[in-house]
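Participant: For chain B, the structure is supplied; the task is to place chain S on it using the hints.
Protein chains: 2
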Amino acid sequence: MTTIIDAQVYDLRFPTSLSLDGSDAMNKDGDYSAAYVVLVTDDPQLSGYGFTFTIGRGNDLCVAAARQRALPLIGRDVANMVGDLGGVYRDLAGDTQLRWLGPEKGVVHLAMAAVMNAVWDLAARLAGKPVWRLLSDMSPEELVDVADLRYLSDALTRDEAIEILREMEPTRQERIDELDRRGGYPCYTTSAGWLGYSDDKLRRLLKEAVDSGYQHVKLKVGANLEDDRRRMGIAREVIGWDAKLMIDANQVWDVPEAIDWVNELAHFNPLWIEEPTSPDDVLGHAAVRRAVAPIGVATGEHGMNRVLFKQMFQAGAIDYCQLDAARLASINEILAVYLMAKKFGVPVCPHAGGVGLCELVQHLSIFDYVAVSGTLENRVTEYVDHLHEHFVDPCIVVEGNYVLPSQPGYSAKVFRETLDVYSYPKGSYWAAASESESVGAVSIL
Amino acid sequence: MTTIIDAQVYDLRFPTSLSLDGSDAMNKDGDYSAAYVVLVTDDPQLSGYGFTFTIGRGNDLCVAAARQRALPLIGRDVANMVGDLGGVYRDLAGDTQLRWLGPEKGVVHLAMAAVMNAVWDLAARLAGKPVWRLLSDMSPEELVDVADLRYLSDALTRDEAIEILREMEPTRQERIDELDRRGGYPCYTTSAGWLGYSDDKLRRLLKEAVDSGYQHVKLKVGANLEDDRRRMGIAREVIGWDAKLMIDANQVWDVPEAIDWVNELAHFNPLWIEEPTSPDDVLGHAAVRRAVAPIGVATGEHGMNRVLFKQMFQAGAIDYCQLDAARLASINEILAVYLMAKKFGVPVCPHAGGVGLCELVQHLSIFDYVAVSGTLENRVTEYVDHLHEHFVDPCIVVEGNYVLPSQPGYSAKVFRETLDVYSYPKGSYWAAASESESVGAVSIL
Chain B
15 MTTIIDAQVY
25 DLRFPTSLSL
35 DGSDAMNKDG
45 DYSAAYVVLV
55 TDDPQLSGYG
65 FTFTIGRGND
75 LCVAAARQRA
85 LPLIGRDVAN
95 MVGDLGGVYR
105 DLAGDTQLRW
115 LGPEKGVVHL
125 AMAAVMNAVW
135 DLAARLAGKP
145 VWRLLSDMSP
155 EELVDVADLR
165 YLSDALTRDE
175 AIEILREMEP
185 TRQERIDELD
195 RRGGYPCYTT
205 SAGWLGYSDD
215 KLRRLLKEAV
225 DSGYQHVKLK
235 VGANLEDDRR
245 RMGIAREVIG
255 WDAKLMIDAN
265 QVWDVPEAID
275 WVNELAHFNP
285 LWIEEPTSPD
295 DVLGHAAVRR
305 AVAPIGVATG
315 EHGMNRVLFK
325 QMFQAGAIDY
335 CQLDAARLAS
345 INEILAVYLM
355 AKKFGVPVCP
365 HAGGVGLCEL
375 VQHLSIFDYV
385 AVSGTLENRV
395 TEYVDHLHEH
405 FVDPCIVVEG
415 NYVLPSQPGY
425 SAKVFRETLD
435 VYSYPKGSYW
445 AAASESESVG
455 AVSIL
Chain S
15 MTTIIDAQVY
25 DLRFPTSLSL
35 DGSDAMNKDG
45 DYSAAYVVLV
55 TDDPQLSGYG
65 FTFTIGRGND
75 LCVAAARQRA
85 LPLIGRDVAN
95 MVGDLGGVYR
105 DLAGDTQLRW
115 LGPEKGVVHL
125 AMAAVMNAVW
135 DLAARLAGKP
145 VWRLLSDMSP
155 EELVDVADLR
165 YLSDALTRDE
175 AIEILREMEP
185 TRQERIDELD
195 RRGGYPCYTT
205 SAGWLGYSDD
215 KLRRLLKEAV
225 DSGYQHVKLK
235 VGANLEDDRR
245 RMGIAREVIG
255 WDAKLMIDAN
265 QVWDVPEAID
275 WVNELAHFNP
285 LWIEEPTSPD
295 DVLGHAAVRR
305 AVAPIGVATG
315 EHGMNRVLFK
325 QMFQAGAIDY
335 CQLDAARLAS
345 INEILAVYLM
355 AKKFGVPVCP
365 HAGGVGLCEL
375 VQHLSIFDYV
385 AVSGTLENRV
395 TEYVDHLHEH
405 FVDPCIVVEG
415 NYVLPSQPGY
425 SAKVFRETLD
435 VYSYPKGSYW
445 AAASESESVG
455 AVSIL
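So the sequences go chain by chain: B and S. Quick note: the first sequence uses my numbering, first residue 15, plus one each step. Quick note: the second sequence uses my numbering, first residue 15, plus one each step.
Just so you know, these hints were derived from the structure itself, not from any lab. Heads up, a few of these hints could be off.
A pair holds if it fits inside one copy or across any two, identical chains being indistinguishable in the list.
[To be verified] Within a straight-line C-alpha distance of at most 25 Å, the following computed SDA-like cross-link-like pairs (lysine to any residue) qualify:
1. K42 with G101
2. K357 with A300
3. K42 with D105
4. K440 with D74
5. K42 with D109
6. K440 with T110
7. K440 with L85
8. K143 with G227
The shape of chain B in the complex, shown without the other chains (with noise of 0.2 Å):
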C-alpha cells in the first residue's frame, strides 16, 4: 500500500516581462509563473505533479490555496484514489466553506486544477502511461463517471455522453496509428505575433514559423487600429493567403467596438478573432459572432468552469473553444466540455503557452481526437516555445505537430534546479533580483 505523505507547493515564477515574451493588449507584463503541486508518497519512485498557470502576482493566493484544497489528500492510498477519479475530484471539490469563494472560479478553481493536475499526472505514473493513453484506454462508462457533469443536463445527459464516447470506441486505435503516422497532432504558433515585438522581429519570427511547417500564425491586436493594419499586412506578406492567420484582442474590447474594430481588419481574412471582449459575456459573443462572420470567434483560456462554456454552445456563441488545461479544474471538468463541444459540433482548439500549458494539452487534443471527436477538421492546438526548457518530459513540436507524448504522466514535472532558482521570492534567481528593489510596506496582522 502506497500513501500521499505531502503535498509541497512551489511559487515558481519567471521574469518573462523583461523581454514582453507573451506580451499583448491586456496582459502587458506578465512574469510567467506556476502553483506548481507535488503530491509526495511514501514510495520514493512515485509522486504526482501538476500546477496551474498565472502570470505573476497573486501566484501566492494560488499557492496557498492549493494548499488547503491538497490537504484532504494527506494520508490516502494511491491505488484507492486513482480507482475513484471521480470521487477525489467531488471531495475535493465540495469543500462547503471554500466553495463560497468560486463558486468554481477564480483562485479557488486554479486551486482545484494545480492539485487535480498533480493526481491525474500520480494516476498515469503509477498505470505507466502518458496521460491522453490512460484516457484512451477508459471505457466510456469509466470516462463518465470520472466527467464533472453537475450542472449540465440541460445540454448534455449522463446517457448522451455515453453515446458520443460509445460511437467512436471501436475505432480508437485507428486515430492512434493515424497521429502517429502523420508524426502527431497539429498545432500553430503564436510565438511570433506577441504585441511588443518589432516588425523586423514579427517578419524574421513569422518567415521562421512557415519554414517550420506551420500552416497557422497568431498575431495579438486590439491596441491600435494601424498597427494592427500595419502587422497583418507584414503577415500575409510573409505567410502568403493560403496559410492561416489568426488575431487575438486578450479581451480589450467593448461589443460594439469589437464589431467595429474586427470589421476594420476583414480584408486580412483572419480564421478567428480571439477573445474580443469580456471572457464572461456569452451573449456578447453570440453578438460579436453573428456580426463579423464569416470570420470566427474564439474565446476560452479565461472560461471559467464547464457552466460557461455550456451557454457559449447553447447560445451559439463560438466557432473554436479554447479551453485551458490549468484553468477549468483538470480532466475531469475538462472531459465534460469536450463533450459538450462534440455534441454542438464546435471544436476545441485548446490555449497553450504560458509555463507548461502545452505539455499539458498535448495529451487532451490527441485524447479528443481518439475518443471524442474523431477528426482533426478545424482543429488546431495552440503551440508557444517559451520555458520547455524547464520540464523533465517537454512537448516535442515536428513541423507543426506536436508528437505523442511516450513518458508515464502528464509531463507536468519541472526539474529540480528550475525550483531552485526560480521559486519566489527566495530561490536564487529572485534573491538576487530584489537586492535591487524596494518593497512597499503592508501590514501583517
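Facilitator: Quick look at chain S alone, frame taken from chain B:
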C-alpha cells in the same frame, strides 16, 4: 494633507457553524467570516473600514489578496483619492498581473470589494455623511464617472446612464423625506428559515417575524421535497396567505430538476425561487423563469460581476436582482448594476445577512430609491438578525424597515474587542478552540 499610512487586514471568523445559523442545502456549516480592511491615515481621527464576506476556510486567501490590492493606496493623499473614486478603482482593478486570477471574479474580486468598500467608507467619513447620503448628494455626471461601465455599452451607454439619473435628480429630497416618514426602507427576514432549524423553532421564529411587522419571510429549500412541503405548509399556517413567502435553493439543482421541484411547490404560492441553479447560468435561469412563471426567479448573491448581471438582464433571466455588496467590487461596480436594472425594469433586492452585509446594503437600497429606481414597488431588502452586535454603527430595523443610517461612513466598522476575540487563528476565541483540535500536515516551502 492627510495620507494613508497603512492597510491593516484582519481575518475575522465567527463560529456560526456550531448553531447551524446560516445553514442551507449547499452551505451546510458556514463560519461567517470577513476579510476586514482598515485604511489607516496619519490623522488619528480618520480611518476607512471595509470588508468582504466569506463563510470560513479561504478567508485567509481574501485577506492575503486584500493586502495586495491595498498596497498601491499606501502613501496616497486622502483628499486627492476621495476626489477621484473612479480613478482609484480603475488603478486597483487594472493590476495587469492580478487580473489573470479572475478576471473580475473569485478571490481577487472579493478582495477588491473589501478594499474599495473601505475607500468608500473613508470618503463618507471625510465628508461627514453616511454613504447613502454621500451618493445622494452626487450629481448624475459624478456618479457615472465613478461607475464601472466597461463591457456594458451594448446594454447601457454612458449617456443613457446619465439620463436615468437626471430623471430622478429633481425629486431626490422628496424620497428621502418619504423614507423618513414611513420609518425606513422595507426589508424581509431570513432568520426564521434556515434548513438546520427544527419545525418548532421554525414556527416560533415565523410567528416572531410576523409579530415584528414583516410582510415577507424566506425559507431555505432543496434538500428534501417532503421536508420542503411540510415547512412551507407550516409557514403558510403561521404567516397566512397575504404575507409573501420566498424560497431559496442555494444552487443545488440542475435546470430540469429546478423546474420540476419548484412546480411541485407552486401551490404554496412563493413570490420567488432564489438561486435555483448555478449562479453562472444565465441561460439556465432564463429557462427556469419561463417554466415556473408566475413564480419569480431571483439570484445575485453569487453574481460575480457586472458582466454576469448584464446578461441576466439582456436574457430576461431574472425577476429580482440580488446583488451583493461584498462580492461586487464595491459601489463603483454596484452603481453600474443598479443603472442597468433600472433600464431593464428589474427590481434590485440586495442579498444580505452573513456578517455586516445588512450594514452595507441599507445604504445601497436607500440610494437606489432616492436616485435611481424612484420606487419601492416589488422592492424588499434582506435582513438577517446575526452578528450586528460586533458593529459600532449597526443597522437598525424597526417593524420591517431599515431605519436611515445617520452616522458618517458605510457602517462597516467593528469593535476593537471583536478583532481581539475573533481574529483567526490567534484571537482569544480561536486560540482556546484550537487547543482541542489536531491540525493537518502540509509543507510550507
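Participant: Give a verdict on every hint.
Facilitator: Hints, one by one, checked against the model:
1. Taking the shortest Cα distances, K42 and G101 sit within 25 Å of each other only across copies (20 Å), while inside one copy they are farther apart (40 Å).
2. Taking CA atoms no more than 25 Å apart as the test, K357 paired with A300 passes in both settings, with 18 Å inside one copy and 22 Å between copies.
3. When the C-alpha separation of K42 and D105 is checked against a cutoff of 25 Å, the pair qualifies only between copies, where the shortest distance is 15 Å, while the shortest distance within a copy is 37 Å.
4. For a Cα distance limit of 25 Å, the shortest separation of K440 from D74 qualifies both inside one copy, at 13 Å, and across copies, at 22 Å.
5. Taking CA atoms no more than 25 Å apart as the test, K42 paired with D109 passes between copies only; the shortest distance there is 10 Å, against 35 Å inside one copy.
6. Taking the shortest alpha-carbon separations for K440 and T110, only the inter-copy value of 23 Å comes in at or below 25 Å, while the best intra-copy value is 34 Å.
7. In this homomeric assembly, K440 and L85 come within 25 Å of each other (Cα to Cα) both inside a single copy, at 24 Å, and across copies, at 21 Å.
8. Proximity of K143 to G227 under the C-alpha cut-off of 25 Å is found in neither arrangement, the shortest distances being 29 Å within a copy and 67 Å between copies.
Hint check: a violation occurs at hint 8 only; the rest are consistent with the structure.
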